[in-house]
Amino acid sequence: MASHLPPKPIAQYEETAGGGLAAGAQHAPRGLMRWLLTTNHKEIGTLYLIFSLTMFFIGGIFAMVVRAELFQPGLQLVQPEFFNQMTTMHGLIMVFGAVMPAFVGLANWMVPLQIGAPDMALPRLNNFSFWLLPVAFLMLLSTLVMPGGAPDFGWTFYAPLSTTYAPPSTTFFIFSLHMAGISSILGAINIIATILNLRAPGMRMMDMPLFVWTWLITAFLLIAVMPVLAGVITMMLMDINFGTSFFNAAGGGDPVLFQHLFWFFGHPEVYIMILPAFGIVSVIIPTFARKRLFGYASMVYATASIAILSFLVWAHHMFVVGLPLVAELFFMYTTMLIAVPTGVKVFNWIATLFGGSISFEPPMLFSLAFVVLFTIGGFSGLMLAISPADFQYHDTYFVVAHFHYVLVPGAVFAIMAGVYYWLPKWTGHYPHLRLSQWHFWLSVIGVNLTFFPMHFAGLAGMPRRIPDYALQFADFNMVTSLGAFLFGASQLLFVWVVIKCVRGGEKAPARAWEGAEDLEWSVPSPAPLHTFETPPDFQPQQH
Amino acid sequence: MAANGEQQARQAGVRRTVARTLVVLAGMFVFAFALVPLYDVFCQVTGLNGKTSGRAQALVHADVDTSRTITVQFITRGSAGLPWELEADTRQLRVHPGESREVVFRFRNRGEEASRARAVPSVSPSEASLHLRKITCFCFQEQRLAGGERLEAPLVFQLTPGLPDDIKTVTLVYTLYPVEQALARRYLGFISEGDQA
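Residue numbers (our numbering), protein chains in the order written: chain A, 141 to 683; chain X, 153 to 349.
Derived by calculation from the structure, the hints in this document are not laboratory data. We put the beta carbon where it would ideally sit given N, CA and C, even for glycine.
To be clear about the criterion: a stretch of chain A counts as covered by chain X if any three or more of its residues have a C-beta under 8 Å from a C-beta of chain X, and this derived list gives those stretches: (1) 324 to 334; (2) 368 to 374; (3) 388 to 402.
Work the whole structure out from these sequences, hints included.
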């Protein structure tokens, strides 16, 4: 790591950091209660990230069960009922338990540091919104041992599968989703209040790092659509337990209404899972290209456009429910329109790289892989947006390939890039270079081996969510399963790198990366428990 | 003092932001529920989900357009947990827009106990549902059949001449659903005649 600047002592913090720590330690409870009662944004951020990593592995184990069963045709390991529970729980846990909390954790850690705020605006609410999560997901996981089994209707929980034909544990599923939703909403309120009110004096909106911008927009999306999710699952609850017929055709309801409501939430939800990833990558690429981000303002406007458009495209998930032609066309064109702001972003990342003095530290490796692989996911999304073509692709492995490309080498790689980028700030040590590189290359090979053949299986007609398949898909599935085992196993390496980095390693200076310019790099590494108790002196950069 | 004032200004700002986001939050929750009736109204106006009117409609007196002939198909489907049969006396008819026709449907309860059911209609393509007028239909109310009982019930319908030119075939699907007392009362569009059962 020859490229790092030598440690640059920052006088202000050399003096206050120790004092801040001591002051905090005086009334801070110790042991378990410290973590249970903490209102410190850094500690809560850490809790979120540890929780998310745990869920990532639990959801990952479910995915391994799925891939083991699909390793060859026929039923070998699990019954179809259990297989359905595994696909459902995998989806639910990865979406609501792994990806979303990971981004909230990064926001907790980094948003106050990046805007020069001493903490989140509502620290106690912050504590509450974290501790809702373990309760929610323990409840969700407990459905696995309940009579009738866990939810088995897919993470999209379409009615009437999730109402008339649902297992008894569905009520627990609804309650846990309500809690996870409340947690997200409270987190979003907190982030909005922090960003809008606690910026360092002199920092205008257009001076904020892009991670802060994308999170602000994501938080607005959360505020707008999590109540809709809450509404939908409340209607389900009433249909199941109180005899209403929101989604029951026998009683005058309409199952298609469920899909409209679900995807009105669900499509903005997928942008909730990708916009912060855009932010992370937009912060990392300029650092390691040693250039200012190309087109800062257009990045902000592109993010906002994607967020607004996300409310106008939901029915592209429903092209085959029997929409009238006008609706098919409308949703096809609006969906394709999203490629424009997304294209602006990809262009800006590449233009930032152009002519830069690029170095390939682990965060940069993950970010570059993100740009390439997310774009592949974007392209298959564009193919799915073509309504007549979607009639063939719908509910095949092509769809599975598409959304895993945008979520795994998309969202998850961005989270890992963020973790590698900020680990020196969190722990004071650089992550072990050689091991991180192994982790990266194994992940990148594993991910492509897993998800690329799914495109072909899907185009050849393999339906999703099935425990058995026709013989002609055997080879694709075997490759996919091998890739999945490789990807799954290489994540253990990630845990090792993180633990190693917490325990020790090459010492990191305050500005851990040469090209890093945002405010978080002005506090020492590791960041003391309390930072920016007096607002920093912020000098706007020319973006 | 200046720092203190700034602190207070920030706290007031936070409070204002939280209050505003809470209002948006509540609004969106209400909006989610409001979407249910809005969806129904939207579908009724546009005929999008293929639902037909739950009430008898008057015949439209118009000239029969003999230049066009539309195929009307009838599909009936039973329901899990209900030992009933439903059949139309004809699978398909050829009609001219404007003329009214009658089709007889036969219900049969193959079970041993009395039960109640309702046939829920759906029209495909959905654009046709605005131009399909039902003068009489068994689907306007529930049916109650004793064990082994049979029932013949008519459907009298008319396709209005306003039916779009590109529609050559209209399919009417009737799906039988078991009726629970509680559900029947709630279902607004239906005139329930079997309540005392």
